[in-house]
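Colleague: One-letter residues, chain by chain:
Number of protein chains: 2
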Amino acid sequence: MLRSCTAGLRSLWALRGRREGAARLSADLQPARRLFSTEKAVHKDWALPNPSWSKDLKLLFDQFMKKCEDGSWERLPSCKHTCTYKSEDFKTYFLDPQLVEGEGLSQAQLFTRGFEDGLGFEYVIFNNNDEKRTVCLFQGGPYLQGIPGFLHGGAIATMIDVAFGSCAAISGGAVMTANLNINFKRPVPLCSVLVIHSQLDKLEGRKLFVSCNVRSVDEKTLYSEATGLFIKLDPKKSST
Amino acid sequence: MLRSCTAGLRSLWALRGRREGAARLSADLQPARRLFSTEKAVHKDWALPNPSWSKDLKLLFDQFMKKCEDGSWERLPSCKHTCTYKSEDFKTYFLDPQLVEGEGLSQAQLFTRGFEDGLGFEYVIFNNNDEKRTVCLFQGGPYLQGIPGFLHGGAIATMIDVAFGSCAAISGGAVMTANLNINFKRPVPLCSVLVIHSQLDKLEGRKLFVSCNVRSVDEKTLYSEATGLFIKLDPKKSST
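These protein sequences, in sequence, are chains A and B. 98 is the number of the first residue of the first sequence in our numbering; add one for each residue after it. 98 is the number of the first residue of the second sequence in our numbering; add one for each residue after it.
Bear in mind the hints are in silico, worked out from the structure with no lab data behind them. Just to be clear, a hint being listed does not mean it is correct.
If chains are identical, the list can't say which one is meant, so a pair holds when it fits in one copy or spans any two.
The calculated PhoX-like cross-link candidates involving lysine-lysine, where the alpha carbons are at most 25 Å apart (straight line), are [stated by the list, open to error]:
1) Lys155 - Lys304
2) Lys152 - Lys229
3) Lys282 - Lys304
4) Lys329 - Lys282
5) Lys141 - Lys177
6) Lys152 - Lys299
7) Lys329 - Lys299
Next up, chain A with everything else stripped away, as it sits in the complex (with noise of 0.2 Å):
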């Protein structure tokens, strides 16, 4: 059975967190004690732009914002803590009380948010619903360096199946990897802005199968293409 972890809940919680209210769309800004607590939480949306963005970038945001005007696209929100969603939902699937409430947990942040501004994943992601495609903007940061000069490929395989993970939840609602097959075609040099098309090829019962490309920012460069596998949660099914 195939139930992996992945970012894509993340980005379900931000579609269903745009449905229910802003307070529940973004993260706590406060430190990881306030993780799991009841608390109430100051809330950031960290798919906006700050400081660190390039010029390429702010202009690519400043592009697909406008897209967003007569509401055929629409910018996901972003989240550093998942955990302050405190999702009843994934909580029947996986989570051990006792491994939460762990020590090593009271640290816990989403591993694409937990850099400093400009250094990791910078990075928004926007949805065309009818058209059950996503875009996501990324600028890799000097922190996800592989080879001297270029992204590490660990770091372009993340954020490929965080914006895999938007896309089928827009259909699949909890969605889980299954798989991600990933062709590496060029080097991406650290600090450039990526554009990562992705799109929801075929929905089969629980199974959604995604696609993507990783370009340039003038599209003229393919550096990745990428296929994958979403499974849907079945809430009435434990996964662990």
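With chain A held as given, fit chain B onto it using these hints.
Modeller: Relative to the frame of chain A, chain B by itself:
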């Protein structure tokens, strides 16, 4: 042409360093301004126990260190700033001098070694040269969270890429990831220890085919399986 970046070169450099002297094996502990400079680096090997290592990880580490005593296995050292190697081989392939001297890159550090002790990727890789396989012992810290209480799929993909890179570099020298295909079977609890067994399956011209499985400490739980394709770099050709 397949020529994406990977952690493989890091591992390659570790392997080379082992042959060429300890001074080239490990990392620069000083701030990032030291990168790309000619200053003498302060070296540290990050693939050694630190206080954040769990009992399980330390136990496994000790077991593999025992296996190293007869020379059948060897521990691969690990660095934080690949750039301190100033790899001329690599520059031949990809590096744009302007890029290397760019502002953002002055802070560059290896993705998997950029976290404080215990918060991110804690790992060590052991190599069995005769059997063409490696074992990576990995503890995923709280900053690698995906869904609450579990490791991010991208963090798992990253460690698989690192483990594959080491395995391929043993036979291939300078290699790069061309493909990663990962099946996620079960979510991995945050802060748990994983054992990644990688194997070189086939060498076909410049192509190296590798596979791995990701298991729990007691080997009873299979979390992920993956295959990878790596390409040997050809010093006579530029990939950019």
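Colleague: Work down the list of hints and note, for each, if the structure agrees.
Modeller: Hints versus structure:
In this assembly of identical chains, Lys155 and Lys304 lie within 25 Å of each other by CA distance neither inside one copy nor across copies; the values are 35 Å within and 39 Å between. When the C-alpha separation of Lys152 and Lys229 is checked against a cutoff of 25 Å, the pair qualifies neither within a copy, at 28 Å, nor between copies, at 46 Å. Taking CA atoms no more than 25 Å apart as the test, Lys282 paired with Lys304 passes between copies only; the shortest distance there is 14 Å, against 27 Å inside one copy. When the C-alpha separation of Lys329 and Lys282 is checked against a cutoff of 25 Å, the pair qualifies only between copies, where the shortest distance is 14 Å, while the shortest distance within a copy is 30 Å.
Taking the shortest alpha-carbon separations for Lys141 and Lys177, only the intra-copy value of 8 Å comes in at or below 25 Å, while the best inter-copy value is 31 Å. For the homomeric pair Lys152 and Lys299, neither the shortest alpha-carbon distance inside one copy (36 Å) nor that between copies (45 Å) is at most 25 Å. In this assembly of identical chains, Lys329 and Lys299 lie within 25 Å of each other by CA distance solely inside one copy; the values are 13 Å within and 35 Å between copies.
Of the numbered hints given earlier, the model fails hints 1, 2 and 6; all others are met.
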